[in-house]
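Each chain is listed here by its residues.
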Amino acid sequence: MSDVRNEGGGTGAHAKSPRRVEVDVGAGGHGAALDERVPGDDKISNYTINFGPQHPAAHGVLRLIMELDGEIVERVDPHVGLLHRGTEKLIEYKTYAQALPYFDRLDYCSPMCMEHSFVLAIEKLMGLEVPIRAQYIRTLMAELTRISNHMLNLGSHIMDVGAMTPNLWLFEVREDTLQFYERASGARMHANYFRAGGVRYDLTEKMIADLGDWLDNRLQLFEDAISLVADNRIFKQRNVDIGVVSRDDAIAWGFSGPMIRASGIPWDIRRSQPYEVYAGMDFEIPVGTAGDCYDRFMVRVEEVRQSAKIMRQCLKEMPKGPVGSEDKKVFPPSRTEMKTSMEALIHHFKLYTEGYHVPAGEVYVATESPKGEFGVYLVADGTNRPYRCKIRPTGFSHLQAMDFMMKGHMLADTTAVLSAIDVVFGEVDR
Amino acid sequence: MAIQLAKHVPTYVDEPASLAGLKGARRRPGIETAFDVERGDVVEVLRTLRDDHEYQQLMEIAGVDYPERPERFEVVYCLLSLTKNHRLHVHVSTDEVTPVPTVTGLWPVAGWLEREVFDMYGVTFAGNSDLRRILTDYGFEGHPQRKDFPLTGHIELRYSEAEKRVVYEPVALPQDFRTFDFLMPWQGAEYVLPGDEKASPEQAGAPSPAPAPAGKQPENVKTPAETPKTTDTPAQTGAGAPADKQATKEARKPRAAKAAKEVSKPAAGKDPKPKGSRTRRPSGGAS
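Read top to bottom, the protein sequences are chains A and S.
Just so you know, we're using my numbering here: the first sequence kicks off at 1 and counts up by one.
Just so you know, we're using my numbering here: the second sequence kicks off at 431 and counts up by one.
Simulated from the structure, these hints should not be mistaken for lab results.
Okay, derived cross-link-like pairs now, DSSO-like style, lysine-lysine, Cα gap no bigger than 27 Å in a straight line:
#	chain 1	residue 1	chain 2	residue 2
1	A	Lys316	A	Lys206
2	A	Lys206	A	Lys309
3	S	Lys437	A	Lys329
4	A	Lys329	A	Lys94
5	A	Lys316	S	Lys437
6	S	Lys437	A	Lys320
7	A	Lys329	A	Lys350
8	S	Lys514	S	Lys453
9	A	Lys94	A	Lys328
10	A	Lys339	A	Lys320
11	A	Lys328	S	Lys437
12	A	Lys339	A	Lys328
13	S	Lys437	S	Lys514
14	A	Lys320	A	Lys309
15	A	Lys339	A	Lys329
16	A	Lys89	S	Lys577
17	A	Lys94	S	Lys577
18	A	Lys350	A	Lys339
19	A	Lys309	S	Lys437
20	A	Lys89	A	Lys350
Selected chain A positions facing chain S (Cβ under 8 Å, derived; list incomplete):
#	residue
21	Gln135
22	Ile265
23	Arg392
Quick caveat: nothing in here was measured; it's all calculated off a predicted structure.
Virtual Cβ for every residue (Gly too), placed ideally from N, Cα, C.
Throw the hints in and build the complete structure from the sequences for me.
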């Protein structure tokens, strides 16, 4: 927090009448009493501080211009765009297959869920069917991604409000998920695994068995880490009744995902607008009651358990079969096929130079990414490139609500509110 | 609907019948429920959709640029009904100067979404009290998502070692921006491939090659070119700016001079040390 400066000419007043500082260890954990504690010291004018862009609790490059009255936040103006890379513009200059890796780099904490919306948008425009095994693999990997994302977010949330150990434990679980990523796609983070019409590689039998073992054994580490904080007094003081969002506010501010569920609205795209094989999955949707940071945290905790439940069902029910569409004009042939078949070689060449053409049309496809509704508004003009690909990031709307969520809270609550939003600037800034 | 949808994409219940009587909106053909709305009616239509048709959430405002249209920009509002479990979009068109009425009065979330469309396309929203740029740099000029905005942009920045700060400079491309669309020329590419210029007869009025002179030409006369093709200067080679002035200077020296400099001269006698023990200087010059 550099660049502390005074607005208005209040500098002299400071020296003459030093303000009484009310020390409060709870840092705003008393909710209802906040209004009474607004200092009535008129001689000190509001001042503005700069939170970030380089700040460990900002979860990336976020710059918050905060207007403070003492330690009470009066107004927050988030400045985003410091990580803007022009992804949408770049995608317009790439074929559909070339555009896919850009999605990994949006929300780099949950790469496959980003790819998911894009391939579904393409498939919706093309009317492309996906083999059932590929649908199971996508569901499985999307849920693995959800666990991976929540491990990072829950861990950093805990650390942002002061606890160190759970974060280290959760990172171990996250490391496991990244290794499964690597075994599935060859890359730890930027997987580039989903394809229009299926997934790039099949999962090996060994990996499926290992995933089952992992679900049975390793998630205890997660439960242990959460048990350290879920009922912890300090953790509750930092989160309960912080950043409360009512149901109506959540709807008006375009909330989605764990944010809207924590406010008490049981809305989950996996359930209400099912895609892939979610329709046949048995899982619960956790809903918060108070709409505060603690609820958001606990909703995510429960989502991890539900994700594990979905993954177990996927592993159990996954049939054998191809993992890519039979349509050879869309899905590339396997390497071995390419070496023996002239036609496969031609298909391979055409797919990796020209790519496939997507019929003209406009679709908005949203999936339930770990952070909320991740949508892709895709305008195709019938060529091999998207005419327009508007990405609907999850954190953008949530971050916009930062101002009203922070109003009247203490400066130290900023980190709790930010963590509970689960903000990643790869997708907010695009 | 005639189009067969894949079963695994996000599905929601059928279009509510009540939408048929939506005033001021024309149904748009396509896979998804979409309406064209006149610019002036957009607030009223969206209010009706929110209050009477239960589309509670505004999820996204997308801009699209169609430069060939008289009103080149389209602003697309993506709505979601949590109760009816249905999505639709509302399309409004505008141009560079005509503002679109803001919907921040209906949904507070529209504030940033409109800011983004303004930033990316230059579409203004009448009534939005905070229409600042949002994603681009402080002091950025232009609207990058417009189709006529180059992919490389106009300004680049780098850290200047001399000035000890980040400096902004016009973009200098070491090679021309290249783009390949790989479209097959017999399937919709709208340009002439290199080498195909003479494949079809020229249209009337087109500049044609100079006609061959009348009369009998002497055969195989070797006419000297008026300007011989030379590449004496770097400018003629098409190369960019020299990477290093010192290196260029060295390279330009005649061979003899270079050789004289590189080979140590025992006759000079100034440096009695054996050659191997000399410390090399990055500047390349002798000490």
